[in-house]
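In this text, residue positions in the sequence shown follow full-length UniProt numbering: the first is 1, and each later residue adds one.
Derived from the structure by calculation, the hints contain no laboratory data.
Beta carbons: idealized from backbone N, C-alpha and C, even for Gly.
Please note: incorrect hints may appear among the correct ones.
[What the hints assert, rightly or not] Dumping the calculated DSS-like pairs for lysine-lysine here, alpha-carbon to alpha-carbon at most 27 Å:
1. 102 / 60
2. 235 / 201
3. 245 / 201
4. 245 / 235
5. 293 / 445
6. 516 / 445
7. 238 / 493
8. 231 / 201
9. 102 / 83
10. 357 / 421
11. 493 / 411
12. 445 / 421
13. 293 / 231
14. 381 / 523
[Unchecked claim] Estimated spans, in silico, between C-beta atoms of each pair:
15. 529 / 352: 26 to 34 Å
16. 523 / 11: 48 to 56 Å
17. 235 / 493: 14 to 22 Å
18. 531 / 254: 49 to 57 Å
19. 493 / 208: 17 to 25 Å
20. 383 / 475: 26 to 34 Å
21. 526 / 358: 16 to 24 Å
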Amino acid sequence: MTATLRSKIYNRFLAPDELNVNDYFKKVGAQDWRLKSYLNYRLETENITPTWTDVLNGWKDSLEAMINTNHIRVPNSVKHFCKELLNFNTFEGETVLERCMKWYNNFYEQMLQGTENKKRPQDDTNDNEAGPSNEKRSRQDSSCEGAYQDDVEYLFEMYARDEEEIKAMDVRPLLWRIIDLSYSEVAPSTLSQNDQENVRKLISSALWIGQPNEWTVLVPPAERCLGSLAKLTTKQLKKIAKTVKPNGIHGSVLEIRNILTSSEVEESNPFLIVENKDESNKNLIREEDHLNKDVSYILELLRYTYEMIDIGIPQRHNSERDIDVFIKSTIFSCFNGIVDRHFGETVSRASRDRRRKAIDASSDVEGYHIDWLFTRHDLAKDMTWGREFSLCERAGSRIENHKKILDNTLKVQKTLKDMHKTLIDTIVMTSGGTISKEVLDVIPKMLMPGFLSSRFFIRMILIMYVGAGFYLSAELAEFDIPTAYEELEGVLKMARVMLQAKRMLFSTVTLFASTKERAEREKFLLGKVLLPDRPKECSSPMKSKNKKCR
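Using the sequences and the hints given, assemble the complete structure.
Below is the structure:
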């Protein structure tokens, strides 16, 4: 039933008068030849209410007559369109047929009870079969007899429209079951104030907001290191950055302690609020902190950023790959040991799996090409890039690419959602198709952080599962990569955000591995639950490829 007219010029095509078809097809354009429009026409125009079988057979016979005719005025594209209308073997086709039948039965019962109002099917200009996914996959609300209503858990319907409208609608997160709290159209038109508050409570609970183990809190050595560096001036930060390479991490830590315990810091920074001496010593970086990996990362990041500025990399013209190699490779180095890194237009297998299962999937479908892919090879040795957990999508190296980073947000959200669904599918498959309630409770706790970048700017977003096939998305943090000596203090925020992401990724990877092991042990356990199949979606509209002249 996902019929598509190959050209808009046939939207208002009328059946020739010579054909033996119902008059409806000679009066109404092809774009409105769907079953529910025809059903509505028959019920409104005929004095004696026809039977459901008569309506359905009349509709089928007319379309088959259009298909089998050799009339010169019936183009092949219209015949192909009619064939697609008659295809009830798809999910959407079965849904449309069932809904029309239910509506007819409700209408007939009301007629027998003396009801004069004939409730029409939901038939408006926004829904026609001239688009790639016309018949919507929404459910009928059982509480409203005789009318098409959306089930509450769906929140939206994907309307069939022409190609331009489909491309425009594709950028709306809700159409992909993603509730983006940072998206302007979510509030207040989609979610009420109470709903928004409940949604934010879900995210706060998942991130442990207000608790001692809040996601923004790092390990004590890292907190002491960042706190100590925050007390230094730009000149002193430059001094520490130049110390890291010759003296190592240990020597740099000693230098920080030496600066902060001397009067140099007070003389150079008169605006610094001096803490109580005991409290200051408690929060001061300790000598043994140089053994901590996060402390090493912070100081190495400070050193590398200083050297990058010193040789003039930010001041020159840079390609996207330049920034990846010279800058992001160091920024993402904190993930070493937690996830493996791949970059260079790697195809996401999670995205490809979703696209292959789409309702209108083509035979040569591919997944999204990802700039940075964060995986674990040991958790999926049969997969080319390993088990996928996160990504970074870049929007170019030019300043004016701000709009592109906004457009790429949905791509990142959808791919992170695909990655999370793949994690769920793997756990369910390991457990024999069903999972215990304890395993089910872990699924929303597997948080999926992702990154978007443009030039010297990086934003971190979060995708988390909330149930009924829906995901929440929120912007967690963003930072600018320092491009001048005066901006060296920005390294502290950059390091903090990346270490927070590291902590979140570690939690997700650990949860997945342990949950998969538990699911395998519980493979033959009784009383487990069966998860519903992944809801089918339409594939994303592909950008047209312009052939280059040779």
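Hint check:
1. 102 / 60: It holds: about 18 Å lies between the C-alpha atoms, which stays within 27 Å.
2. 235 / 201: 43 Å, violated
3. 245 / 201: Judged against 27 Å, a Cα distance of about 45 Å means the pair is violated.
4. 245 / 235: 17 Å, holds
5. 293 / 445: Within the cut-off at roughly 26 Å; holds.
6. 516 / 445: 14 Å, holds
7. 238 / 493: 16 Å, holds
8. 231 / 201: 34 Å, violated
9. 102 / 83: 24 Å, holds
10. 357 / 421: Between residue 357 and residue 421 the Cα gap is close to 13 Å, so the pair holds against 27 Å.
11. 493 / 411: 26 Å, holds
12. 445 / 421: OK: residue 445 and residue 421 at ~13 Å, within 27 Å.
13. 293 / 231: Distance ~22 Å between residue 293 and residue 231 Cα, so the pair holds.
14. 381 / 523: 21 Å, holds
15. 529 / 352: 26 to 34 Å: 28 Å, holds
16. 523 / 11: 48 to 56 Å: 54 Å, holds
17. 235 / 493: 14 to 22 Å: 19 Å, holds
18. 531 / 254: 49 to 57 Å: About 55 Å separates the Cβ atoms of residue 531 and residue 254, which means 49 to 57 Å holds.
19. 493 / 208: 17 to 25 Å: 21 Å, holds
20. 383 / 475: 26 to 34 Å: 30 Å, holds
21. 526 / 358: 16 to 24 Å: 35 Å, violated
Against the hints set out earlier in the document, violations occur for numbers 2, 3, 8 and 21.
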